[in-house]
Amino acid sequence: MLTLGRIWNIFLLWISYRLSLLFRSVIHWGKPFALSFEPTTSCNLRCPECPSGLRSFSRPTGMLDHTFYKKVIDQCRSHLSYLILYFQGEPYLHPGFTNLIQYANQKGIYTATSTNAHFLNDDLARETIISGLKKIIISIDGTDQDTYEKYRIGGDYEKVVAGIRRLLYWKHKLNRRNPRIILQFLVFSSNQHQIQEIKKLGRALKVDAVHIKTAQIYNLENASTLVPDNGKFSRYKKVNGKYKIKNKLKNQCWRSWSSSVITWDGKVVPCCFDKDAHYVFGDLNVSSFSEIWSNIEVSGFRAKILDSRSNVDICRNCTEGSKVFAN
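Start counting the sequence shown at 1; every next residue gets the next number (the working numbering).
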């Protein structure tokens, strides 16, 4: 999947980023090698630290149009190496989700997604394997119903495990190497006692990996009820009785040079921390991706990063440059 053109593009991104850090001035060559494309903002769960779960978006909820998606992928295919079909929402709620995967796979683009796995019935599990998806992250923050639903409100633990088993069955049945199936366990105070159990579950199911991940907390005023006791599993530390992020927020961000996010309705935003699309660089319904990627809004945002990242609100809770996986 790494063609000579894509390799050259990654090199241009990397060298321009390093020069920007050296001279503390925006230098940018190339186009993003990675994109996140949002299939939908809709979600079936009510997770308390997620805008989709809280239904708290100020931006509209909707479904990605397949024709529009294909147009954007065609614009980006020469430089795009990695596509995450996920931003907010549950991607499998999109009625043509596996078709989105398949189209990018046909263009030689590495595809990944993240799901709560409630919709992986037999047909969708089989279609997922056939689609050519390369990686699927399954969020499972507990090893029994009582613990799982403390964060995944409205979720069904047994349904998630059954969905994982179906994926594994069809992967074996169809004799496919992909997708890599990864269990992701966000650590909260409510589930920190099950870290060893989730690893045991991963071994029993024979998934490809289990990732123990620190959780992002939006409302730090209420963090005491969510943050685990063991600091190894937290992005935050207590200072003068209040929680703050451990990350030192250096004035740099590789993501701002190398990747971007596209909302379901075509807005281009900086990264996955801009969940409500406050920093819109442009609209792909009226401009091409190339036009947006080189415009003054993008350049101005990178300049803010180099000047003072702590002055950019979406950066203040960001883990760029710090460790988010504890295992």
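The set of hints was computed from the structure by calculation and includes no laboratory data.
Bear in mind that the values here come from a model prediction, so they are computed numbers and not experimental data.
Treat the hints loosely; a few may be bogus.
Cut-off 30 Å, straight-line C-alpha distance, at most; resulting in silico cross-link-like pairs (BS3-like, lysine-lysine) [what the hints assert, rightly or not]:
(1) Lys-107 to Lys-200
(2) Lys-237 to Lys-150
(3) Lys-150 to Lys-250
(4) Lys-250 to Lys-200
(5) Lys-242 to Lys-200
(6) Lys-199 to Lys-171
Simulated restraints, written as ranges between beta carbons of each label pair [claimed, not checked]:
(7) Thr-319 to Arg-55: 23 to 29 Å
(8) Arg-55 to Ile-130: 42 to 48 Å
(9) Gly-231 to Ser-287: 25 to 31 Å
(10) Asp-313 to Trp-14: 44 to 50 Å
(11) Leu-2 to Gly-62: 32 to 38 Å
Built from N, CA and C at the ideal position, the CB exists for glycine as well.
Hint-by-hint comparison with the structure:
1. Lys-107 to Lys-200: Violated, at roughly 37 Å.
2. Lys-237 to Lys-150: 23 Å, holds
3. Lys-150 to Lys-250: 34 Å, violated
4. Lys-250 to Lys-200: Not OK: Lys-250 and Lys-200 at ~37 Å, beyond 30 Å, violated.
5. Lys-242 to Lys-200: 35 Å, violated
6. Lys-199 to Lys-171: The given pair, whose Cα atoms are some 21 Å apart, holds under the 30 Å limit.
7. Thr-319 to Arg-55: 23 to 29 Å: 25 Å, holds
8. Arg-55 to Ile-130: 42 to 48 Å: 33 Å, violated
9. Gly-231 to Ser-287: 25 to 31 Å: 45 Å, violated
10. Asp-313 to Trp-14: 44 to 50 Å: At roughly 27 Å between Cβ atoms, Trp-14 and Asp-313 fall outside 44 to 50 Å, so the hint is violated.
11. Leu-2 to Gly-62: 32 to 38 Å: Since Leu-2 and Gly-62 have Cβ atoms about 33 Å apart, the given range 32 to 38 Å holds.
The structure does not agree with the numbered hints 1, 3, 4, 5, 8, 9, 10 stated previously, though it agrees with the rest.
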